[in-house]
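Here the protein sequences come in this chain order: A and B. Going letter by letter, the first sequence gives residues -17 to 98 in this note's numbering. Going letter by letter, the second sequence gives residues 19 to 163 in this note's numbering.
If you are wondering where the hints come from, they were derived from the structure by calculation, not from laboratory data. A hint or two may mislead.
As the list claims (entries may be wrong) - PhoX-like mimics (lysine-lysine), calculated; alpha carbons at most 20 Å apart, straight line:
id: 1; chain 1: B; residue 1: Lys144; chain 2: B; residue 2: Lys121
id: 2; chain 1: B; residue 1: Lys71; chain 2: A; residue 2: Lys74
id: 3; chain 1: A; residue 1: Lys74; chain 2: B; residue 2: Lys74
id: 4; chain 1: B; residue 1: Lys71; chain 2: B; residue 2: Lys144
id: 5; chain 1: B; residue 1: Lys90; chain 2: B; residue 2: Lys45
id: 6; chain 1: B; residue 1: Lys156; chain 2: B; residue 2: Lys71
Unchecked claim - Take a look, some chain B residues computed to stay more than 10 Å from chain A by CB distance:
id: 7; residue: Leu38
id: 8; residue: Leu51
id: 9; residue: Ser65
id: 10; residue: Ile146
C-beta: ideal position from N, C-alpha, C; glycine also.
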Amino acid sequence: MFEAGGYTLAARLSQVRKVHFESGEADEKNAVDLGELLGSRQKLGRYYLEVLVKGDLIPVLVDKIEPIKDLQLAVWLDFPRIMRRSFNRMLKGFFFDGSRMISLIDFEQVFGEKDK
Amino acid sequence: MSGQVADQILASRSSSVRWLQISLGEKRSAIRLSSLVRVLDRAELFSVPLLPKEFKGVIYFNERAVPILSWKEFKIEIFLNPLVLVLENGNDWVGIEVESTGKVEEYQMGSRLREDGFWVELDSEKGIWGIDEEKLFKSLRESPI
Chain A
-17 MFEAGGYTLA ARLSQVRKVH FESGEADEKN AVDLGELLGS RQKLGRYYLE VLVKGDLIPV
43 LVDKIEPIKD LQLAVWLDFP RIMRRSFNRM LKGFFFDGSR MISLIDFEQV FGEKDK
Chain B
19 MSGQVADQIL ASRSSSVRWL QISLGEKRSA IRLSSLVRVL DRAELFSVPL LPKEFKGVIY
79 FNERAVPILS WKEFKIEIFL NPLVLVLENG NDWVGIEVES TGKVEEYQMG SRLREDGFWV
139 ELDSEKGIWG IDEEKLFKSL RESPI
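Let the hints inform the model, and build the full structure from the sequences given.
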């Protein structure tokens, strides 16, 4: 789980290879600012996720990282069909843990869409 | 003759619909009772990314993420702490914020009612406009991408 653009997000572990604090080893120039992608103007990003999409490692800048969490106890909520648009196809739905609405993001969809 | 009167009464009953009066800022309005799932006194609004402009967030209700309509997008301003009315159409649920609810009234429905977008004029003397949820949901589903 992580935060970007003021939102709490989650991604499947199979899509995340590594986490870096600050730029460090990450390829800063080619990094994608996830907060910006989600419409935020704040520049807070301090962590990099190395995201694996179709064999490529893509550095993604986020604001905060949380320890790996099993969200099996959270309630899974489908993305409301009436809110579905082409620009939010990367959001698969939400985990509700009693206090937070955690958006599940599919990085394949994020970068698949960008490539098109 | 009495049979004709009975037929007229039955016909008028079948075309009358029960509406719940609601306050929306300065607008006197109503929603069709049959579309109402629940009135919520308190509902925590969660901000989620990449929302279409017609929505301001989602609430958790009945194991669903229910989108809340952004009245600002429809030039309506709510002044008081709102109640949330969960409305249903097909498999879709949408929450609307209202300042208060009032009485349930029956209004005659017909093709001669004035319409304005998803609003339908229920009582021209009192200035009460109902939300035609069928049209509202249709417009939300068909919003430009």
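Each hint tested on the structure:
1. B/Lys144 x B/Lys121: 14 Å, holds
2. B/Lys71 x A/Lys74: 19 Å, holds
3. A/Lys74 x B/Lys74: 18 Å, holds
4. B/Lys71 x B/Lys144: 32 Å, violated
5. B/Lys90 x B/Lys45: With Cα atoms ~13 Å apart, B/Lys90 and B/Lys45 stay inside 20 Å; holds.
6. B/Lys156 x B/Lys71: Since the Cα atoms of B/Lys156 and B/Lys71 sit roughly 15 Å apart, the hinted pair holds (cutoff 20 Å).
7. Leu38: B/Leu38 clear of chain A: closest Cβ-Cβ about 22 Å, beyond 10 Å.
8. Leu51: 21 Å, holds
9. Ser65: The claim is violated: B/Ser65 sits with its nearest Cβ about 7 Å from chain A, within 10 Å.
10. Ile146: 26 Å, holds
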